[in-house]
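Chain order of the listed sequences is Y and P.
This note's numbering applies: residue 2 is where the first sequence begins, and numbers increase by one.
This note's numbering applies: residue 2 is where the second sequence begins, and numbers increase by one.
Hints may be right or wrong, so weigh each one.
Chain copies aren't distinguished; within one or between two, either way the pair holds.
[Claimed, not checked] With a straight-line Cα cutoff of 25 Å, these simulated DMTMM-like cross-link-like pairs (lysine to aspartate or glutamate) come out:
1) K32 / E82
2) K32 / E79
3) K310 / D297
4) K145 / D208
5) K305 / D5
6) K59 / D153
7) K89 / D5
8) K310 / D324
9) K298 / D153
10) K47 / D208
11) K173 / D5
12) K173 / E223
13) K173 / D120
14) K169 / D159
15) K32 / D97
16) K32 / D99
17) K145 / E195
18) K298 / D99
19) K145 / D99
None of these hints come from the bench; they were simulated from the model.
Given the structure is predicted, the values throughout are model-derived calculations rather than measurements.
Protein chains: 2
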Amino acid sequence: MSPDPLTHLYSREALCAQPSAIRDICALVAKPEVRSLAGGWPDPAKFPLKAIRRIFDKLITQHGARLFQYGSTEGLAELREVLADRMKTGGMADVDPDSLIITHGSAQGMHLAAQVFIDREDVVFVGLPTYFGGPGAVRSRSGKVIGIPVDDDGLNVDSLRLEATRLKASGKRVKGVYVIPNFQNPTGVTLSLERRRQLVRLAEIHDLVIFEDDPYGELRFEGDPLPSLKSLDRSGRVIHLRSLSKTFVPGLRLGWAAGDSGAIRQMVVAKQFADAATNTPAQYILLEFIRQGLLDKQIQDNIKFYRSKRDFMLEQMERYFPDEVTWNRPQGGFFIFVQIPGDMDAADLFRQAVAKNVAFVTGQSFFVDGSGHNTLRLSYAQAGHQDIEFAIRKIGNLIKAHLMDRKTNNAA
Amino acid sequence: MSPDPLTHLYSREALCAQPSAIRDICALVAKPEVRSLAGGWPDPAKFPLKAIRRIFDKLITQHGARLFQYGSTEGLAELREVLADRMKTGGMADVDPDSLIITHGSAQGMHLAAQVFIDREDVVFVGLPTYFGGPGAVRSRSGKVIGIPVDDDGLNVDSLRLEATRLKASGKRVKGVYVIPNFQNPTGVTLSLERRRQLVRLAEIHDLVIFEDDPYGELRFEGDPLPSLKSLDRSGRVIHLRSLSKTFVPGLRLGWAAGDSGAIRQMVVAKQFADAATNTPAQYILLEFIRQGLLDKQIQDNIKFYRSKRDFMLEQMERYFPDEVTWNRPQGGFFIFVQIPGDMDAADLFRQAVAKNVAFVTGQSFFVDGSGHNTLRLSYAQAGHQDIEFAIRKIGNLIKAHLMDRKTNNAA
């Protein structure tokens, strides 16, 4: 059999598909001796093992075999009720169980939303930089992804307005915006309230769908929570995507999407042929975890835990990084984004770091236009204090060494 | 907010998507007083509850938090090894862990395969009738589904040859065949060995991908197992889809796909953006269940159990159905397919049956060309003996009443 004998039969999207750069980096740095600030995975030290074990036992006694039967495609009715109630409390008054679908993680929510809304060549705006899940889902439908700069207030809505107007004038079908409003991956920045209002207004004017991906919003360390785009929207054009991976556990693959009930019904139809239904016991476990008040407790614990890790990493960065390096202070979530001097390439730094058993993610993989060569994403989520100190020191030393070399060369 | 305010923004596929008729029927007959032969769900009485509870407990002790962390997109390495070994024993010598992906049920396997292989307007052949999962996945990519008659030996390969030649001559991109070779849903028929050989040969000649969906193959009640299409193929063009829903439990949403390693790699890339990874504890539970030899035992138990249910239902059909009704004797799986007199409409019969608290699935929903008005699918999988007897008697009486009416009308 020749290598890849079926390539000539692949779909257009398969021929263009790129595996996620981060997964490749994670594979590269899977060696146990590597101190990694790469992955955006939560720290398993915080997983509520005992509670899950106790709940699972109770559920088997209570539900018996029903716990392992197929569920409905839209998800467990009681769980959708409980989640809808949580969202109402969170300012999204119009959410009810019928405008909510349980998904295998928020990744599936975005995937189904793309299936419902994106046609070939439809344009979707994304942050420069952004997490690649949104662009990946859009590209799996042969949609076009256009990058919009992200600054300290999040996605630059003025740039978005100009681009939308320009592209529409040139005849493009401008369809939507993929945005991570809170503690964005990879930059850690939060979309300001003013920008949120502007974005919702802009979406109405240009008839856009907003894909609001919010896996980190509940992990706010400080400052007041800002209203979601969904709560500011009055025209039903926000598909709000949520994940339990960062607030509960990722391995149960739970998330949900909420939006206009017609659109959610379409996502349910798409899910029938995508994987038929979400894992049944996982949904019951989550339902019980919420009912016992444990999710709120877990979120409060996680906030304390990750805040202290953020603070520790910021301290180490102050201590070891030279003045030529800049970064932000995220108010929540998992990530700090770093600018190294413009004459440095983060890919070179990555190779040098891996040689010293330290890993991070180069920023470039988050820029759909291929820019960002001098940026990197650091995650404090998974590494312990010792590893964080070690990794930041090594990265700092490598940058300092580069600056020294430059000085020497300039002097020569 | 107007009803469905976003319809004008839906994708072409969303605008064409039809919810599964069976799910609608299942919703209709969800009342507890209804004796249902409708759903193709397994009987929860056979779910290995105690073993799952014991294994889960052991796994938490053994793996701790790791059990709930993200897994890799392709699935747990040890599980892929164990499944590849099982397939080798089953005559598929060239399967190794790298040519295998764990999926959220076989539905997801077909969905990912469609993503990799189907472009807009690509033609995929399916059985007349067939389970709607294959057609649904193809249509979600705007592929074209063409029905090929199914007879007692399964998909009619001669018809397929003629259609493939005709469509190619007219300039269509003929891309693949979706086939359920064992105890097909809904007909219960098995593709004969000769047809299997012909189909694999035909696929080579016409450069087709074979989507071999085999959720029931291990539930063979009698007769020798036939070689899979994958084991007969020498050119790597079979994507072999498997499910644990009928042999283990459906609620854990586990399945796998095996095929050419290049194509499987593409399916892994597609899965990154579809749902990132399969449920971690579900995979570990299955791995342990197999390692303890329990899956083989479970399958043997299921075979005995469903064989006796099939026999019981066939007896009741002999007893209560008039001579004008015909059906087959499936050698395995869950389904018996019934032809009622040609002047009857199964949809009318269905409405009359539901009025008597009896349900089944009308055959028409399985015919992509809209034919099959006088057919129905009966499942013995979920109903108990009492319900089976009751339902078959009522259906038989309704058909007899129709025949009496006809006689009276003809005489008048």
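Results of checking the hints against the structure:
1. Taking the shortest alpha-carbon separations for K32 and E82, only the inter-copy value of 21 Å comes in at or below 25 Å, while the best intra-copy value is 43 Å.
2. Proximity of K32 and E79 under a CA criterion of 25 Å is satisfied inter-copy only: 18 Å between copies versus 42 Å inside one chain copy.
3. For a Cα distance limit of 25 Å, the shortest separation of K310 from D297 inside one copy, 20 Å, qualifies, whereas the shortest one across copies, 47 Å, does not.
4. In this homomeric assembly, K145 and D208 come within 25 Å of each other (Cα to Cα) only inside a single copy, at 17 Å, whereas the closest approach across copies is 31 Å.
5. Taking the shortest alpha-carbon separations for K305 and D5, neither the intra-copy value of 49 Å nor the inter-copy value of 41 Å comes in at or below 25 Å.
6. In this assembly of identical chains, K59 and D153 lie within 25 Å of each other by CA distance neither inside one copy nor across copies; the values are 47 Å within and 48 Å between.
7. With identical chains, the CA atoms of K89 and D5 are at most 25 Å apart between copies only, with a shortest distance of 21 Å across copies and 50 Å within one.
8. With identical chains, the CA atoms of K310 and D324 are at most 25 Å apart within one copy only, with a shortest distance of 22 Å there and 76 Å across copies.
9. Taking the shortest Cα distances, K298 and D153 never come within 25 Å of each other, neither inside one copy (30 Å) nor across copies (60 Å).
10. Proximity of K47 and D208 under a CA criterion of 25 Å is satisfied in neither setting, with 42 Å inside one chain copy and 52 Å between copies.
11. For the identical chains of this complex, K173 and D5 are inter-copy neighbours only, at 24 Å across copies versus 35 Å inside a copy, given an alpha-carbon limit of 25 Å.
12. With identical chains, the CA atoms of K173 and E223 are never at most 25 Å apart, being 41 Å at best within one copy and 60 Å at best between copies.
13. In this homomeric assembly, K173 and D120 come within 25 Å of each other (Cα to Cα) both inside a single copy, at 12 Å, and across copies, at 22 Å.
14. In this homomeric assembly, K169 and D159 come within 25 Å of each other (Cα to Cα) only inside a single copy, at 15 Å, whereas the closest approach across copies is 51 Å.
15. Taking identical chains as interchangeable, the C-alpha atoms of K32 and D97 lie at most 25 Å apart only when they sit on different chains, with a minimum of 24 Å there against 46 Å within one chain.
16. For the homomeric pair K32 and D99, the shortest alpha-carbon distance between copies (20 Å) is at most 25 Å, but the shortest distance inside one copy (45 Å) is not.
17. In this homomeric assembly, K145 and E195 never come within 25 Å of each other (Cα to Cα): the closest approach is 27 Å inside a single copy and 47 Å across copies.
18. Taking the closest pair of Cα atoms, K298 and D99 never come within 25 Å of each other, the shortest separation being 27 Å inside a single copy and 41 Å across copies.
19. In this homomeric assembly, K145 and D99 never come within 25 Å of each other (Cα to Cα): the closest approach is 31 Å inside a single copy and 31 Å across copies.
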